[in-house]
Every structure is written in structure tokens, then in C-alpha cells.
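Trainee: Next come the chains, spelled out residue by residue.
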Amino acid sequence: MDAIEIDNLTKYYGDLCAVDHLTLSVNNEIFALLGPNGSGKTTTVLMLTTLLRPTEGRASVCGNDVVLNGEAVRKKISYVPQDMAVDIKLTGRENVRFFADLYGVPQAKDRTDEALAIMELSDRADDLIRTYSGGMRRRLELAQALVHEPSVLFLDEPTIGLDVAARKKIWEHIGTLRKKGMTVFVTTHYMDEADQFCDRVGIISRGQIAALGSPTELKARLMKDVITIMVEGDCPSLPVDGIEFIGRTGDEISFSAENGREILPVLADALTRAGVRVRAMSMREPTLDDVFLQAVGSQEEPHGFEYNKFRIMLRRRK
Amino acid sequence: MNGVVTYIRRDFLKWTRGKVAVISSLVMPAAWLIFVGLALPVQFTGNYLDFITPGILVMTMLSAGLAGGALLMFDKILGFLNKFLALPTPRESILVGKILFITGRGLIQSTIILIISVLIGATILNPIQYGFTYLVLFLFGVLISGFATTIALYLDDHDSYAAFNTMISMPLFFTSSALMPYSVMPAWLATIARLNPLSYAIDAVREAGTGIIPVLPVGILVVLCAVMLAICMFVFRKVTV
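So the protein sequences, as listed, match chains L and S. Residue numbers for the first sequence follow our numbering, beginning at 1 and rising by one. Residue numbers for the second sequence follow our numbering, beginning at 1001 and rising by one.
Note that these hints are calculated values from the structure, not bench results. A few of these clues could be false.
[Unchecked claim] Derived DEER-like restraints, expressed as beta-carbon distance ranges:
(1) S:1157 with L:134: 24 to 30 Å
(2) S:1171 with L:192: 57 to 63 Å
(3) S:1042 with L:53: 54 to 60 Å
(4) L:128 with S:1167: 32 to 38 Å
(5) L:25 with S:1219: 15 to 21 Å
(6) S:1036 with L:134: 48 to 54 Å
(7) S:1157 with L:110: 41 to 47 Å
(8) S:1112 with L:110: 35 to 41 Å
(9) S:1018 with L:110: 27 to 33 Å
If you're wondering where the values come from, they're calculated on a predicted model, not measured in any experiment. Virtual Cβ for every residue (Gly too), placed ideally from N, Cα, C.
All chains should be modelled from the sequences, with the hints used to inform the complete structure.
Mentor: Written out as C-alpha cells, the structure is:
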């Protein structure tokens, strides 16, 4: 039995399909759900944490169905939402103790101290939260989440709005939790973080999994070098043989090729012959960004901003 | 039950750390008591302070309840509610804890107002009379905090709720039997006052003060509380899953 099993999970907000028949299973790893804003990451997490009822399909956490057996699910999980919600008029210790009491943890006092120590907050534990930095508040939330030793930890954008050092620290802590045997399910839109710190990533686009695997695996699927060119105006989609189109963002077009060094001059010639003005060319090893671009396709929004759908979504999310 | 106590403790700690809020919530009822209770020249009673004190006590509960209505809404807007809902603690304890906290806070404020009223010359009652006074204030507190929480959850917006709060608190107070008996009110006002739930609470406290056991008003308040809690629970369930 996997820690998280998702089967055809679907959520509609009115006509808007936020999560579209998602099937996935996660066990004993740091799994990142990766995707642009509005791709259905948070909706998925809300359904898995029993905060939102799926329209269709089912999901289970530690063998308990999220709809039928919500309370059993909630005993096994911790959830840290995107917006930092800690009581600023209470001290760090009080904030964590509050959660320990709510979970009904035995020896709540010791567990509180322990959780604070794991998150390296012991020396500031008796200060009011209003004196804490953003990174410390996030760590405090993690301390709240692990005070009852959950089997599965859900983190929605755990590093959003934090500086580089604080992010690194958060990820190191997440790594420690993973080593203790916790399954960690994070959502993020920072590719580099997922690449560096996660065991497996699922790229989600318009509510569907577009690519799934370990970061190395996904990059290996591209395997080839990535050539990026900047052009003025249009460009034939496949100007020469031996290269593959990845995606386009604005003026930048990316291709992949087995041997980038040799293809580069050929491509330059071909483009010049085709009358395309090339402003810059570059070549590098693939990153998760490229995997993402290839999986999600063009990052340009085809329909623009659909205000009505957005409003329906906001209203339902309340 | 454990969850309820924990939620109440959190709100209570947060409340006591905001010194300004603790003091300022007492200023208005105290001012009414002193400036109106002691100063208004009325003919229908010898001790106006004794007459107005029940009204001011209920008003204290009213403003405490209306102010507390925003608490759950803020927990929701700021993301606390989602964290609480993902806990194994029974979800209803969030709501029950909130209503009991708001009511308890109102009772603490009412106690201070009651002490002030005695200090400036209100008649001291016997313990049974105080017991009934507190029972009525408690029931009224549950009623009004349930009502305020429901409205705030329903409006789901801080500005709208503040506007609603301002809109109803004064009219509710003035159309109740807080300031004068039904006999001296104009007929139209007396009709409104008899329908106003505030009047039930005020009359009940007043009856307790004169030595009558307020069975009927307490009964009505119990029924109103039950209905209000059912509505509140329904709205709470609706906004949570």
C-alpha cells in the first residue's frame, strides 16, 4: 500500500476543470507536484488533505479514503498551506504547543520542545512570533506540522516568498524529515528546487500530469543538448534535420539535439538561408525547465485571461 | 472537548495580549452606565441606575458578540481555518470553541460593568439573582455570537462585516427595553421592543433583579439559541467542505 494513492481524481469549479482525472501514487519519498500558477496543484492538495470534496474519482492516504474516512486521514497527515498562518501574538513555543494539544499528543511539552529543536528554533522559542523572520515563521509551521509525527506531510509552496538561504534551510529540513521515513508531498513552481531536492516530480498542466519521474530521469529523456536561439519574427519550426523542437517563449525558441556543438553552425546557416535574423544562440545541458517546457508546451496563454472562470474559481475556493 | 478548550485558550491568550482591545471594549458600556445611568432625569423610577444596568449588561454582551463574530472569519481569511480543518480534532470544536470564547469574554466584560454599577450605587442582589443574571447573559451571549459568526462567515469580507456590525448594533439597542419600560414608550416603539430579542434578555435580567424567576424569557432564549446554533453549524459545514 502506498502512502498516497490517487485514482482519476477530478475537480470541477463550475465549468472550470481544475484537476482532470489525475492518477498518481506516492510513497516514501519527497514528491513535488510541479506546475504553473492555476494548474491545479493546490486543488489537488486540498482534496488530499480532506479540505475539498472531489467531483469524481478517489484518493487515499495511508489506506484511508479521503472522502469516506476523512478523520482517519487527518490523523496521519500534516498540512502546511501556502499562506503563512501563525499567531503573531503568541510565542513560538505556544504556537507549537497549541498544535500538540489539538493533536492530543502524549507528553505534549516534550514533543513541543523536540519539534522546536528539530527546526532550530529552541533559542527563540519564547519570543513572540511578530519578531520572527519569514523563514523562521515557515520553520515554525513545519515544527507545528511534525509535532504529532505524521506519516505524510503536505506542503503547499513551502519556500514561496523566502530568500535563498531560508529556502535552502527549509529544503534541508524537509530532507531530514524524509530520512526519518516521512512521505513528503510538496507543490512548487520553482523548477530548480524540485530538481535539487526532490526524489520524484510530477509536472502538472491544466489539471493533468504531463510528465512523471525523477528529475534525472526526466532530463535523461531529453538527454540531448538544448539549443536556444533568439530570432526576430517567425521561424520555420524545424529548420534542419537532427534537431527537435522543445518550445517557444516570446522570441526564444528551444531545440534539442544529440550533438549540439555540430548542429549549432548548421542551424545558423540554415536560418540565415531561410532569411531569419538570428540575434543570439546558446547551448547548454538540459534542466528541469526544459522538461517542463516540453511537457507543458508553449507557455504563452492561448486564450488570455478568462475573467469569468477565474471568478467562479475564486468563489468556489472560499 | 479537549479541542474546544485548546481553541478557547488560544483565543484567550491572543485577546489578553492586546491591551488596547481589552480596555477599549469596556469604555462604551461604562460610559453609558455613568453618563446616562447617573445623569438622565427620569420620572418612572426612583433608581434609574438599577433600571438601566440590565440593559447595559446585555449591551456589553451584544457588542462583545458582534465584535467576536469577525474572529472566525479572520481565521478563515488568514488561512488558520484550513490548518485547523486538516487536524484530526473534530471540526465542530472550532465553532463551539469560538462561540464559547466570545460568550466567555463577554461575561468577563459584563462582570466588570456589574462591579462598576455596584460601585456607583446600584442595588446589590443575592447570589441566586446573580446566578440567573449570568444564566441569561450566557444564553444571550451564545445567541448573539452564533448569529454574528454566521453572518461573518456568510459575508466573508471584513469591510462588509464591519458595516453590518455598525448598522445593527445601535438600532438593536435603542429599540429594546434597555433605556425605558414599555409603558413609557410610544406605542410603535413598544411593539418593536417586544419583538426585539435584546428585550427578552434585558427583561429576564430585570426580572431576576426584582426577585422573579424569569422562566418564560429564559425558555425563549434557549429555543432561539438552539435554532441559531443549528443555522450556524449548517453555514459552518457549508463553508468548510
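Trainee: Now tell me if each hint is right for this structure.
Mentor: Here is what the structure says about each hint:
{"no.": "1", "hint": "S:1157 with L:134: 24 to 30 Å", "verdict": "holds, 26 Å"}
{"no.": "2", "hint": "S:1171 with L:192: 57 to 63 Å", "verdict": "holds, 59 Å"}
{"no.": "3", "hint": "S:1042 with L:53: 54 to 60 Å", "verdict": "holds, 58 Å"}
{"no.": "4", "hint": "L:128 with S:1167: 32 to 38 Å", "verdict": "holds, 35 Å"}
{"no.": "5", "hint": "L:25 with S:1219: 15 to 21 Å", "verdict": "violated, 57 Å"}
{"no.": "6", "hint": "S:1036 with L:134: 48 to 54 Å", "verdict": "holds, 49 Å"}
{"no.": "7", "hint": "S:1157 with L:110: 41 to 47 Å", "verdict": "holds, 42 Å"}
{"no.": "8", "hint": "S:1112 with L:110: 35 to 41 Å", "verdict": "holds, 39 Å"}
{"no.": "9", "hint": "S:1018 with L:110: 27 to 33 Å", "verdict": "holds, 31 Å"}
When the structure is compared with the earlier hints, a violation turns up for hint 5 alone.
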